[in-house]
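Asks: What follows is the residue order along each chain.
2 protein chains.
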Amino acid sequence: MFEQLGLIGCGLMGGSFALAMKRAGLVKRVIGYSKSPTTTQRALRMGVIDVEAPSALLAVSGSDLVLLSVPVAATESIFRSIIHIIGPKSTIMDVGSTKQDVVKAARSVLKDKMGQFVPCHPIAGKELSGVEHADANLYKAKKIILTPTERTQTEHLEKAKQLWAALGSDVHTMSAAAHDAAYAAVSHLPHMLGFALMNSILAQDDSKEYLALAGSGFRDFSRIAASEPKMWTDIMLANKDELIAQSKAFRRSLQAMEVLIQQGQHDALLELVTKASKARVGWKMNDKK
Amino acid sequence: MFEQLGLIGCGLMGGSFALAMKRAGLVKRVIGYSKSPTTTQRALRMGVIDVEAPSALLAVSGSDLVLLSVPVAATESIFRSIIHIIGPKSTIMDVGSTKQDVVKAARSVLKDKMGQFVPCHPIAGKELSGVEHADANLYKAKKIILTPTERTQTEHLEKAKQLWAALGSDVHTMSAAAHDAAYAAVSHLPHMLGFALMNSILAQDDSKEYLALAGSGFRDFSRIAASEPKMWTDIMLANKDELIAQSKAFRRSLQAMEVLIQQGQHDALLELVTKASKARVGWKMNDKK
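Protein chains in written order, with the working numbering: chain A, 1 to 289; chain B, 1 to 289.
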């Protein structure tokens, strides 16, 4: 399907994409660039990329598919550094966890090449980062959200849809605004709560003893608190408004429980807990089988 | 080791204990009582209990080991209903998730039989409740916290330690106060946060769409929100003071992140997230292998 994939960022997400594309026979050659030469060299040794590019610009040169797999805050500067070399037929995608900021960066830089850009967010990942954990199956049966703008050309949107579907992903399309609101609630806020819980415990004198006593409930609840700090700092800042709205709504919900507990209002508390528990029992991850 | 186990409450925790004791050959006969006759009948059919008792009192009659496996709020009334039949040599245990309230209930009722009571909290469970999920392996390799009081007799404490160890549990001893403080932080608060998150999302117009988009991070984070509502309402009320202190500390920790996000303070936010992430990466569940 594609002659050359230009991979900008050869970490877990980018590396997994390259491996999956190669295994599916969807790309002939992968040329990769990473800020860290160690990463690029490892990606080369692992067969994730075929050629090492000394700059983002050179990774884009001659590539009919370009994937940005970098922290969302780096999107605009990457676009600036590659804009002049993007071919008129190339499809550009990203894998950022926030979409309005990425679209804004694209608008301000890509100009007449904006139609070639398809913003993407795969709902996939691991707590482990780095190309050493790249996995050709990372996107299989996982949701991928595309947030095309009114300027995205049908040709590029269709190519993106087809390639993700060919990797086994479950392709969804929505606006960047709807995406950011939804993921603030079901992903960015839970991460923020996980970080805040760890810090709240760590600030206490007996934190060591407390953590040594924790069981499997804590283990699963706090798993996302082990996520990559730079990436998540970027995501939280990029989706600031939606995230703060969610965090405030959450604090109100928590405080309402506190009041009922303080006042010993058994029945009202039971009602709240039952509502939450029922909803979670009835929920299941809407993944492709 | 024991002639007869009197089981008061034949749900997941009690039923699993009976199955484990039988399999280990630690008890000859189990007589069980549950508030719900359906539960007792099911326990009988499943071989969890050998004899159905029509009352808590009759389950205790002739039992040299008694296990209370009821919501913590029911502890005091159960003690009142069985106090007169407790034999002078019987060992009494509970499996409640909070310990100061249970000890208080025991003190106010058991009087001169207080020395026979060993308060226990197994750090084990499932989101699924009910005897139909009882599992002889539930306590294997799991921590069990014993919180003896100054009146607990060594003989009964040693019996309790030995039997839990024989079931494969990892036995710890601490004060009821230390127990309640620790589990407020690493168990009760995470459950409360899980319930509050579900309710915060459910209160929003687009909650259905949001929940349909959630991935594996949300799945693991929110797992404990599916816990049994009555049991958790009781636990939260029973450990009120410690839990509210933890919830307030948590809200401060969350609000500190909100402020940094609002102000776009990248470096300070990164520092907080890094601290949390490092601590969680370095944590591992301290279970018996």
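One or more of the hints may lead you astray.
No distinction is drawn between identical chains; accordingly, a pair holds when it is met within one copy or between any pair of copies.
BS3-like cross-link-like pairs, simulated, lysine-lysine; straight-line CA separation at most 27 Å [claimed, not checked]:
#1 111 to 278
#2 111 to 28
#3 126 to 208
#4 161 to 275
#5 240 to 35
#6 140 to 248
#7 240 to 89
#8 140 to 240
#9 248 to 278
#10 275 to 248
#11 104 to 284
#12 111 to 140
#13 248 to 89
#14 104 to 28
#15 284 to 126
#16 248 to 113
#17 284 to 230
#18 35 to 248
#19 230 to 278
#20 111 to 208
#21 111 to 126
#22 89 to 126
#23 278 to 22
#24 28 to 278
Keep in mind that the hints were calculated from the coordinates and are not lab data.
Asks: Please work out whether the CA atoms of residue 140 and residue 248 approach to 27 Å or closer within one copy, between two copies, in both situations, or in neither?
Replies: neither (35 Å within a copy, 41 Å between copies)
Asks: At most 27 Å between CA atoms: does that hold for residue 278 and residue 22 within a copy, between copies, both, or neither?
Replies: Cα proximity of residue 278 and residue 22: none, with 43 Å in one copy and 34 Å across.
Asks: Is the C-alpha distance from residue 161 to residue 275 at most 27 Å within one copy, between copies, in both cases, or in neither?
Replies: The answer is neither: 37 Å in one copy and 38 Å across copies each exceed 27 Å.
Asks: Using 27 Å as the alpha carbon limit, work out where residue 111 and residue 28 are close: within a copy, between copies, both or neither.
Replies: Classified as neither: same-chain Cα gap 29 Å, cross-chain 81 Å, threshold 27 Å.
Asks: How would you classify residue 230 and residue 278 at a CA-CA limit of 27 Å: within, between, both, or neither?
Replies: This pair counts as between: shortest inter-copy Cα distance 12 Å, intra-copy 35 Å.
Asks: Within, between, both or neither: how does the pair residue 248, residue 278 come out at a Cα-Cα threshold of 27 Å?
Replies: Both ways: residue 248 and residue 278 sit 23 Å apart in one copy and 26 Å across, limit 27 Å.
Asks: At most 27 Å between C-alpha atoms: does residue 284 with residue 126 qualify within a copy, between copies, both, or neither?
Replies: both (19 Å within a copy, 17 Å between copies)
Asks: Given a CA cutoff of 27 Å, do residue 248 and residue 113 count as a within-copy pair, a between-copy pair, both, or neither?
Replies: Neither way: residue 248 and residue 113 sit 38 Å apart in one copy and 50 Å across, limit 27 Å.
Asks: Checking residue 111 and residue 278: alpha-carbon separation at most 27 Å within a copy, between copies, both or neither?
Replies: For residue 111 and residue 278, the Cα distance exceeds 27 Å both inside one copy (48 Å) and across copies (41 Å).
Asks: Give the relationship of residue 35 and residue 248 under a CA distance limit of 27 Å: within one copy only, between copies only, both, or neither.
Replies: Result: close neither inside a copy nor across copies, 36 Å intra and 41 Å inter.
Asks: I want to check one pair: residue 284 and residue 230. Are their C-alpha atoms no more than 27 Å apart within a copy, between two copies, both, or neither?
Replies: Classified as between: cross-chain Cα gap 22 Å, same-chain 30 Å, threshold 27 Å.
Asks: Go through the copies and call it for residue 28 and residue 278: within, between, both or neither, with a Cα cutoff of 27 Å.
Replies: Classified as neither: same-chain Cα gap 49 Å, cross-chain 39 Å, threshold 27 Å.
When held up to the earlier numbered hints, the structure conflicts with 1, 2, 4, 6, 7, 8, 11, 12, 13, 14, 16, 18, 20, 21, 22, 23, 24 and fits the remainder.
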